[in-house]
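If you count the sequence shown from 1, position 39 lands on 39 in the working numbering, and the numbers rise without skipping.
A few of these clues could be false.
[Said to hold, decoys possible] So the derived label-pair ranges between C-beta atoms look like this:
| id | residue 1 | residue 2 | range |
| --- | --- | --- | --- |
| 1 | A175 | D266 | 42 to 52 Å |
| 2 | P216 | P86 | 39 to 49 Å |
| 3 | A253 | Q33 | 27 to 37 Å |
[As the list claims (entries may be wrong)] List time: in silico SDA-like cross-link candidates among lysine to any residue, alpha-carbon distance up to 25 Å:
| id | residue 1 | residue 2 |
| --- | --- | --- |
| 4 | K94 | N221 |
| 5 | K108 | H159 |
| 6 | K209 | H159 |
Just so you know, the hints here were simulated from the structure itself, not pulled from any lab data. The beta-carbon is built from N, C-alpha and C at its ideal position, and this holds for glycine as well.
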Amino acid sequence: MLKNKYLLVFALILVLSACAKDNDDDIVTPIAQNGAEAYDAKVVTEWYDLIKTLTIQTPGYTPPVAARAFGYTSIALYEAVVPGIPNKVSLSGKLTDLNFSTQLEQNKIYHWPTVANAVLGRMTEYFYADTSEDRLKAIAGLEEKFDTAFLVENGSDVHEVSVNLGKDVANAILAWSETDGGKDAQFNNFPNDYVPPVGDQFWVPTAPKFQSALQPYWGSNRPFLMSNITGGARPVPPPPFSVDESSVCYQRALEVYNVVNSLTPDQRDIAEFWSDDPVTTATPPGHSISI
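Put together the whole structure using the sequences plus the hints.
Printed below as a string of structure tokens:
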């Protein structure tokens, strides 16, 4: 069902458990009409299939950049259709600096697949504006395909308010996204001004390419949930660096080294399944979306 697919896609990007304590005032009450659960997931699955292809074929879409695009796109999708999901709540006021309200026109009927198509079309054309000409045509073509069918199916009144809702939500989420510190990161994945710290315990470029650090400032971007930074979501600190063969650090590193150099067939298959090499898959975030 469309309702379940929307929530599944969003859950892959965001831990909703941090938003579990909601007030009744936050509940969005849809008007009497078909809810999102009345429709299948065709719009969503086709758009995400295209987005994964775009992630592979668009220059600069490294894992951090792709994760950001998937994240904001999925939040926008959720926010656009949540008025059509009974007893579900908006994330406005719950995610960091996200403060807006979805306004439904009174006495209007909304077609939720049309809303989904509109919001996903706008988000995709924004995040992948620098893809190839053929891919841009694919974005426009997919939106037009659904647009044409839904206009015939629902008539101009329903179609217009549904498209407007999707576009309005997309624009609100995009405006929010532009203040997180990660805008246009695809054009500067390896900043020349980054100087890594020096010491045996720190990362260094390695052979064969001796490539610079990928998005070394990414941790300074605004998180979706501040509780991920200040609360229990933070991992425990690693053991202190040590080259002492009896230390926890050394023993853990040795364990990884030994496993890597004596892989079983099953371990190799698992590693290759998760080997999201550049220009071969839609990066690890896209891989998770696929699952």
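| Looking back at the hints listed earlier, which ones does the structure fail to meet? | Numbers 3 and 6, in rising order.
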